[in-house]
Amino acid sequence: MMTADPRNMHDFAEVYDRYFDRVYNYVRYRVEDDAAADDVASRVFEKALGRWETFDPSRGEVDAWLFAIARSAVMDHFRSKRWRSWLPLDLFPERASSEPASDAKLAEAESLDELSAALQGLDDRARDVLALKFEARMTNRAIAEQTGLGESHVAVLLFRSLKKLQAALKDRT
Amino acid sequence: MNEDQEARKFSEELDALLENGETSSKDPALAAARRLAKADFSAQSRVRESLRARLLKEGAPAPWPPLRFAAAAACLALALGLGKVFWRQVPAAHAPLPFLPPRMEARAPAVPETPFRAIPHKEVFATAQAREVRQDGVRLVVWELEGGSISLETRRITLEDIFRTPSL
Numbered sequence: 001m002m003t004a005d006p007r008n009m010h011d012f013a014e015v016y017d018r019y020f021d022r023v024y025n026y027v028r029y030r031v032e033d034d035a036a037a038d039d040v041a042s043r044v045f046e047k048a049l050g051r052w053e054t055f056d057p058s059r060g061e062v063d064a065w066l067f068a069i070a071r072s073a074v075m076d077h078f079r080s081k082r083w084r085s086w087l088p089l090d091l092f093p094e095r096a097s098s099e100p101a102s103d104a105k106l107a108e109a110e111s112l113d114e115l116s117a118a119l120q121g122l123d124d125r126a127r128d129v130l131a132l133k134f135e136a137r138m139t140n141r142a143i144a145e146q147t148g149l150g151e152s153h154v155a156v157l158l159f160r161s162l163k164k165l166q167a168a169l170k171d172r173t
Numbered sequence: 001m002n003e004d005q006e007a008r009k010f011s012e013e014l015d016a017l018l019e020n021g022e023t024s025s026k027d028p029a030l031a032a033a034r035r036l037a038k039a040d041f042s043a044q045s046r047v048r049e050s051l052r053a054r055l056l057k058e059g060a061p062a063p064w065p066p067l068r069f070a071a072a073a074a075c076l077a078l079a080l081g082l083g084k085v086f087w088r089q090v091p092a093a094h095a096p097l098p099f100l101p102p103r104m105e106a107r108a109p110a111v112p113e114t115p116f117r118a119i120p121h122k123e124v125f126a127t128a129q130a131r132e133v134r135q136d137g138v139r140l141v142v143w144e145l146e147g148g149s150i151s152l153e154t155r156r157i158t159l160e161d162i163f164r165t166p167s168l
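Protein sequence lines, in the order shown, are assigned to chains B and W. Reminder that position 71 of the first sequence reads as 71 in the numbering used here, one-by-one numbering, no gaps. Reminder that position 22 of the second sequence reads as 22 in the numbering used here, one-by-one numbering, no gaps.
One thing to keep in mind: the hints can contain errors.
[Said to hold, decoys possible] Just so you have them, the derived chain B footprint on chain W, three or more residues with Cβ under 8 angstroms: (1) 14 to 28; (2) 48 to 57; (3) 152 to 161.
[As the list claims (entries may be wrong)] Not close to chain B: a few residues of chain W, all C-beta gaps over 12 angstroms, as computed: (4) A7; (5) F10; (6) A43; (7) L78; (8) A79; (9) V142; (10) G148.
[As the list claims (entries may be wrong)] Within a straight-line C-alpha distance of at most 30 angstroms, the following computed DSBU-like cross-link-like pairs (lysine-lysine) qualify: (11) W:K26 x W:K9; (12) W:K57 x B:K164; (13) W:K9 x W:K38; (14) B:K170 x W:K26; (15) B:K163 x W:K9; (16) B:K164 x W:K26; (17) B:K164 x W:K38; (18) B:K105 x B:K164; (19) B:K170 x W:K57; (20) W:K38 x B:K170; (21) W:K38 x B:K47; (22) W:K57 x B:K163; (23) W:K9 x B:K105; (24) B:K163 x B:K105; (25) B:K47 x W:K26; (26) B:K170 x B:K105; (27) W:K38 x W:K26; (28) W:K9 x B:K47; (29) W:K38 x B:K105.
These are calculated hints, taken from the structure and not from any lab test. All C-beta atoms, glycine included, are put in the ideal place defined by N, C-alpha and C.
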């Protein structure tokens with residue numbers, strides 16, 4: 001956990017560096033591909049910057065604040081998906097590295113693709129709960145508060161989702 | 001053991017796994033959890049660095065704030081000064097304009113009644129930030145709104161593109 005001063009841009013940069021990976025991963029659990037994840041993650045940090053001066057550290061940790069924004073951005077993404085489906089989402093100024101990938105990198109990418117496909121086989125609520133658990137690192141109680149589910153329901157959802165995920169991964173290998 | 005109890009026990013093991021990076025449990029569902037815990041999709045992001053640079057640039061305070069205020073004050077003074085000069089030259093509103101032909105008398109607007117009414121307790125106007133996307137001569141400016149996206153696109157086209165007659 002870190003303390004951040006909302007008047008300080010240096011602190012925002014630190015929050016960005018510290019949480020970008022986790023926020024991106026959270027978003028990637030939920031959305032369909034890397035381009036959508038980039039799009040949504042961008043909006044998360046744009047919103048965070050827009051609200052940075054109003055962030056009140058006395059009301060909660062910066063990561064809880066950031067993941068609440070991320071969760072809302074993912075919901076916005078799903079709401080607007082049908083409108084945005086015609087936009088060329090792969091038009092990004094920054095391209096993936098053109099260096100030839102090593103075997104290890106290829107294997108890792110393949111493993112992530114497999115995991116991503118297995119995640120997409122779960123329903124959105126299961127992906128949300130898994131993302132909050134693994135990337136936002138929330139307790140079951142915090143997830144319950146965030147999602148409006150009961151704490152024991154969260155535990156059951158995690159249990160069922162991971163069993164289903166394991167079965168899907170086993171089928172793929 | 002019913003499912004609730006099983007799920008609670010599983011959650012404890014999962015918490016231990018996330019906390020310590022490992023757990024002694026042999027539950028097969030924890031294999032998926034181990035894999036998820038190790039997975040990092042963020043290396044596939046294409047925007048991490050460019051987004052960081054853009055956000056920090058946007059959030060950075062404007063340089064030389066005293067100069068900014070001085071420039072604003074100078075503009076205001078200039079506007080007031082020019083306004084004063086022109087104010088003297090404009091004839092009074094009720095005086096008829098000497099060069100106005102009789103047929104061009106000011107008429108009431110075509111829609112005199114207020115066509116727009118204020119919606120109580122609702123914000124009618126809002127601003128939305130756009131982002132620019134460029135590639136291969138195509139420039140898109142995209143506004144992400146709550147209910148969808150609006151985009152403006154500019155690209156090089158030829159006369160044939162405009163006057164092309166589709167045929168079956």
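Hint numbers the structure violates, sorted upward?
Numbers 3, 4, 5, 6, 9, 10, 12, 19, 22, 23, 25 and 28 - these are the hints that the structure violates, sorted from lowest upward.
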